[in-house]
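Protein chains in written order, with our numbering: chain A, -10 to 647; chain B, 5 to 296; chain C, 2 to 182.
Incorrect hints may have been included.
Stated by the list, open to error - Each computed SDA-like pair below joins lysine to any residue, with the alpha-carbon atoms no more than 20 Å apart:
id : chain 1 : residue 1 : chain 2 : residue 2
1  : C       : 35        : A       : 390
2  : A       : 131       : A       : 94
3  : B       : 35        : C       : 150
4  : A       : 55        : A       : 44
5  : B       : 189       : A       : 457
6  : B       : 101       : C       : 30
7  : A       : 226       : A       : 501
Treat the hints as calculated values from the structure; they're not laboratory data.
Everything numeric in this text was worked out from a predicted model, so none of it was measured.
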Amino acid sequence: MPEKHEKPRIGVYVCHCGLNIAGVVDVKKVAQDAKSLPGVVMSKDYRYLCSVPGQELIKKDIKEHKLNRVVVAACTPNMHEATFRKVLEESGVNPYLLEIANIREHCSWVHRNEPQKATKKSTELTTMAVAKARNMEPLTIKEVDALKSALVIGGGITGINAAIDLAEMGFQVYLVERNESIGGRMSQLDKTFPTLDCSTCVLGPKMVEVYRHPNIKILSYSEVVGLDGYVGNFKVKVLRKPRYVIEENCTGCGECSNVCPIEIPNYWNMNMGVRKCISIPFEHAVPLVYRIDMDNCINCYKCVETCGARNAILFDQKPETVELNVGAIVVAIGFDPYDPAKDEQYGYEVYPNVITGLEMERLLSAAGPTGGVINRPSDLTEPKRVAFIQCVGSRNLKRNPYCSRVCCMYSIKHGRQLKEKHPEMEVAIYYMDIRAFGKGYEEFYEKAAREYRIQFIRGRVSEITEDPKTHNLIVHAEDTFLGRPVELEYDMVVLAIGLEPHSTTDKIQEILKISRSPDKFLQEAHPKLRPVDTLAAGIYIAGTCQGPKDIPDSVAQAKAAASSVAMLLHKGKIRIESIIASVIEALCTGCGKCVDVCPFQAISIDETKNIATILEAKCNGCGSCAATCPVGAMQLRHFKDEQILAMIENALSPIRKE
Amino acid sequence: MVELRYAFFLGCTIPYRVTSYEVSARKVAAKLGIELVEMNDFNCCGLPIDPVSHEAMLVLAARNLCLAEQQNLNITTLCTGCAITLRKVNRMLKENKELREIINRRLKEVGMEFKGTIEVKHFAHVLAEDYGTENIKQHVKKPLAQLQVSEHAGCHFLRPMEYTGFDHPEDPTLLKGLIEATGAKYLDYMDKTNCCGFTVIAIDDKISLSLTGSKLGNMQDVGAEAVVTVCPSCFLMFDVQQPRIERAFGKTFSIPVVHYTQLLGLAMGMSAHELELDTHRVAATSLLSKIG
Amino acid sequence: MGAEQSAELKETIRSSHLDRNFPKEVMKHHGGEKLFLCYQCGSCAGGCPVGRLTTDYNPRQIVRLASLGLKDNVLKSNSLWFCTACFTCTDRCPQGLEVASIIRVIRNMAAEQGIVPQVFKELGSSILETGLAYKIPELRLKKREEQKLPPMPTTDTKAVDKLLEATGFPKLIKGQPVKEA
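Kindly produce the complete structure, drawing on both the sequences and the hints.
Right, here's the structure in full:
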């Protein structure tokens, strides 16, 4: 391996990148000029360095000319730094003895109209890169042991699929779900589009599979409250909230619920139905463990009496914090529906017969509060005319600017289901555009219009007014196709509300230190190529927490996340970042400023020596400590002061060979 | 007692045709201890000619704001059109540096400068917020408990929500609170927040008469015994035009129209005559007999 | 006033009918900046109090005409003057367009070409003469004294006129075009 103080033998490669660079920059001149820089042994230009022959060329030169440093003047390091590092590694050179000069994004792409100046700038950038190369040193490549286990946060369809896939691959999975039962939003659905499969029939077996799988441990009614450690070795703190029922002892018989005298609103039925104070949220809950809502319990102890010898009820059960050690984390915390109460012109929570799409979903469900009978809230009669209002809370610069993607389809689904139950019912959908993008979706929509005769009116609803006597509603919109205002009367109106990030997203973001996109959903590492990664090593996102999407896309992302976790952990060892901080112990005064600024808690002060110590596995190489250190004791490897200063000096007055 | 002094912006419509509003307002303000200081050099707020020239409206409004700034008083006005215009221009000039510079350049020609030191409030806001609805109740000697009334707040009182300062633009409750403070029963009705159509009466009177007529019909449906207005222009539509509307649509409404200040005045024990209720076109006899 | 604005729209729209600069002009005016954000949802027309009474008036259509650049159609249309400036459209627009302001901008542009309904000419000339939109008749002034109301203000009409002169207002309310068609 080449040592630090060995004489540098630098190879410079200037890439044409087709016409991307060569169309503006005189790449031959840049390559030629580099020859006169000290340390440069050879300098070439090439059309596509990242191509196989391009890479082979570099490999050949390293061998023949005994190169021990490589400078590539080409596109952004984000594209191909990893590619060329591999080339060096495969040639027996330390992969960190590579420096990239970005003469594309930083030069040819932004100075298209000034080729001469762009060429001069490319030469300067290359000179700086060579100056750094002269001062570079090899970095150690370290591996740490990685645990072959994963945490999945969220037990909806996404979390469930990720957990099963990981478990099947042999990983130990912890599935943490904040509600009493797994199942998530899909458990609240009656039928799913476009096949109109019964949701529970699809979801139920999966829920049982999770429960039965030897590699999956479900921590239900629990929340993630803390995170420490690093990729491959995360330490997660999970709070297990008290159910006042001992999970191991509860047989799920339900006799306690039968004798409980108190009824409370059931959140699972969107508070339209009730459950007992000791109950499960729905029949097929997994795990099948009951819970007492202590806020409403009157301490009559009838449940304890009935439970008897099973001894499952424990009134002074305390919350418990457990620590899990996992190698990777998949975030699948889902979404919350948009609350339309703030859109006063629609009268939600003012006019009784205006409901939301999710409430309609519960009304349609056989397991719902009305047993699948469609009644309108004001008088419990069957509505003869129902209108659906699309884009409530979505595609609105004053609310959420994005499209929530699934509302067109779910309203069409509801419309068809209503027509199935009541063929004579008048169903209208007021829309701006119909988004029926998925497999079978357009056909589903067409059938709704042609066969089911659902009326589609193109016009965003301006307001809804109510006849105070009948509680019938008048929908004010414009039929933009006719160019006339329409004010039609309906018995019931359904607001197709959009999706928003789940209310726990703020907390999860804070604990895991991951980013949000401008639309407030969790942010993926790259919108096209890395849809389930985050910029935090070892943490993945999947499902609607990343953005509104339907079930097929959520499941696809769940599987993608599981696969990514497997890629990361399957060898049992993970390469950690080599570009990390290092302490010049002689200079360190133990002031502790670096400890305060480190976002990853990777630095501590050694008590005995009073010197900063870096926990290398946790360091992400951000450089905050190096910038903060008042005495220059903290250096960021690969970006050391001497290296950067060399670049600056050579930018201003380049040294050339005699 | 709360001490309140305002520059009183009268506007063009009130002195021209609706002095009953001015009379009742001055009397009520005096009794409540709210001082209305004359703006002796005011000009039209500019709203009527905004459709012709926005810049003309801006300079007209700005001149009034400068006058009040010179008096070092916040403006209050009885007309919702004047209120929203002066409020909007005031805020626009305060927040938009470029616009302020353009307008100040014009104002300089007449020796004025907009500094952005005062606020503008419609008189109803002054009563409800600055004076306090609770404090108003204390002055109510003859609660109008026998009366059930509907409000017509008017477009410029309610919209645009960015400039009116309400928290519930689709159903603001400020006037409701003021009306209930007089002891009267407040009646909701269909399309309560709709426009009366005054601004286009000279363009197509049929539209204006239909808009007001439709509202009168809805008020009649719920049994309103009076409609309460807070704008002289809206008042003209509901009161002066009511017989015309009745004839045009073959209906009978006979719903008396009262300015809020008249309603409050009655509740404070003043007579219908001193509040000039007898000058209205739609006779208020039924209303007056109810409250005794 | 009839529905003349639809007359020219009865033929196929051709490139020669469009003025690509017109929407940009509208967007340069204060209040008209967001013209191109309109996605023709119809919320404005759905809530417009005038629109439900007459087919001659549709705010969404006016925005559409302006966006496409059908300059003559929209500047010469009678329906342009039906808006009561109730601001319901502005409040309801999900894209944040100040629809009522856009209509006002187009009205201003029509006025620059000499199109001004009679009522505004009267209001305008009264403002130039007295500072107020209406000339208060003598008997009203006498009545004020009887009612013990303070006298009418003595508006500095010279100052008002000077301000308005600089904006070109006097010419506009005479119906004299100040801009090329």
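Status of each hint after checking the structure:
1. 35/C x 390/A: 15 Å, holds
2. 131/A x 94/A: Not satisfied, since the Cα-Cα distance of roughly 31 Å exceeds 20 Å.
3. 35/B x 150/C: 16 Å, holds
4. 55/A x 44/A: 16 Å, holds
5. 189/B x 457/A: 18 Å, holds
6. 101/B x 30/C: 16 Å, holds
7. 226/A x 501/A: Holds, at about 11 Å.
When the structure is compared with the earlier hints, a violation turns up for hint 2 alone.
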